[in-house]
Amino acid sequence: EPFGQNAASNENQPSEEESQDPDEEDDLFGAAYEDVVYRDSTDDGMESSLFDVDSSRNDRLDQVHDHIVGRLSFLNTLAKLRKYAAVAWCVDQSRKPDDVDLTDLFRNAWKHLHGIRQQLHQLMKSVSQHKLSRPTGDVLSMAEFDRQRMIKEMLLEQIILCCVDVVEAMSFVAVAIPDQPENEAIFNALSEEERKTVKFLRAAFVREPVELLSAFDEIYSALNGKPVLYVPLARSGDPNTIIEVRVRQQLIRTLLSWLPRLGMMTEARAIIQLVRRMERSAPVGPGAVTEFDDLFEMGYRNMVKMIIRAKDMNETQDLALRDDSNQESQLVSCLERMTESMLGVWLSHSRTLRLSVLERVKSADEWNALVAFIQTYGADLFTQQFLGLANVRGILYQGVGNWLEQMVEHGDDELRLLQDLDSVISRDDAIRHLTVILEAVVENYPSYRDYNSTTTQSDRGDLLFNLLDFLRLLNNYERVVWNLRPVVLSHELLVRQNCNEAAQMWRRALTERTSDEANLYLRKLSRLQAKYAMRLPTVADRLAERFLRPMVIDRMRALVEPAMNNTAKDAFEILEEETALLMREPSGVGFEPPTWLLALEEEVQRVRLAANHVEEVEIMERLLRPKSLSIAELQAQIDSWTQPESL
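Residue 364 is where the sequence shown starts when you use the working numbering, and the numbers rise one by one after that.
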């Protein structure tokens, strides 16, 4: 038996001395401890080592995660393939609607997806009920708790994503199933929103204007007043509610992707405005996540693409810039009118959005109170170990109040904050200040790492407000960048479509409008650097962009694909010149590469991946051809938008 029990050679057999009975060894050394009584000197009731974490239960969570994620990925792919098959069948002009074999195929596919949906809900319930061990408050315990929490949340996130894809695929497959008596059970199993979705998708494939407008009105009414916000898993959100809302958001994404391609620009804008009203009419409380920025970008991108794609617009093929032409001016004029109108919707949303926790301390009184707290209690509290990312995230997840309670019971009494708690400083004030500080560190951790590695102030916890003051300035700058997002998106799409003259006109206009504001921020930065005798490269580099660097990077990214594929004249030479200009201005911190270099690397990877992989957006665009409209026809729709938004 070459692989049996006798296969081992004599060299591997234990010697007589080595094969001594283990019980005899125990008796030998155990004799030294006869009549010795163990006393629990730690008085914690545990007869074990000082630090002994039983990770067997948590390790099983790691194993389950790795085991399930691969299966979920397969189900995601299956759902998407069935969705593509249904769309391809519905847009096929040569298809036979009464094809019995294909009807049976789609019917069975829908039933199978329905079964997968139910099983995913059961899996999600089981994972949600898995309890994590409560941390004790020390740094190691908090780090382990944060790791296990992230594993659980990532697994739940994958399950939720799979559920959303399956539900969406069910709607598309239902479109391919004839509305006949034998299929009545399938359509009865759909919710009202899902039935309205199926009706709209059918009308979109047929492209009959009257039927399409009627179906749009129905889906618009079905969405009106429904919740479109949810509380995320990190804030103890309900997974079932998250799935319900994300399915609705996915439907809205489909509408915002398809409506412009169907020539319905006004209806696409109406959906964006509807989402704003849905957020205001159905709030879900603090901590809710808004997807409006993503939904707005989806709709806005497709609206800009329709203007660029207009049939009487001759796109520039040469990357070299020419003199302004009448066609380029017409394009820019149309884009300006649409951007002005959509910018009103965007800014209305931005005013209700908090981009940073530091916006809570805008007033001088609030800021001075925060500085006084840091100066009083920061020296022994805000150490580098305490401000480790895992520790800070663990504290925020369980709540600063709960962490303080644990520290009072089991913590270090030498901390001045614990000594003064509930006497010199109220618990509510301590929780409020700590929450702002810890959330600001998590939000801006690259800047904190920069502060920690390049300044001497970082050695003193009572000077942490120096960093926060820089971050307040950075947050104000980011607010302006956020408000300019639609303008930058338009430029990105112009350079992607080789409309270089129009893009140059767009950049010139933005430079004129933002030059004074950019100078103001640079002056404020100089005053802060002199006040605190320190410089943060991450903040300085960002403000040095003067709101224009993203457009420079977009132009460079647009040059990567033609340079790699050699499809445009002088593309590589122009890209090389742009890169040389950026290299004259050193940026990045330590070993961190500059943002423009990371952007180029990401674009190169995208182009390489595109050779063997097609994105879902591109697949759907190939299947659903856009309606041909002229600039004049699009301009007529835009001119009808008399008000940016009725609030």
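What the hints contain is simulated information worked out from the structure, not anything from laboratory work. Just to be clear, a hint being listed does not mean it is correct.
[Unchecked claim] Computed list of lysine to any residue pairs in SDA-like fashion (alpha-carbon distance at most 25 Å, straight line):
| no. | residue 1 | residue 2 |
| --- | --- | --- |
| 1 | Lys668 | Thr874 |
| 2 | Lys887 | Glu939 |
| 3 | Lys887 | Leu718 |
| 4 | Lys494 | Arg480 |
| 5 | Lys894 | Thr702 |
| 6 | Lys515 | Gln485 |
| 7 | Lys474 | Leu444 |
| 8 | Lys725 | Lys494 |
- prompt: Which of the listed hints are not met by the structure?
  reply: Hints 2, 5, 8 not satisfied by this model.
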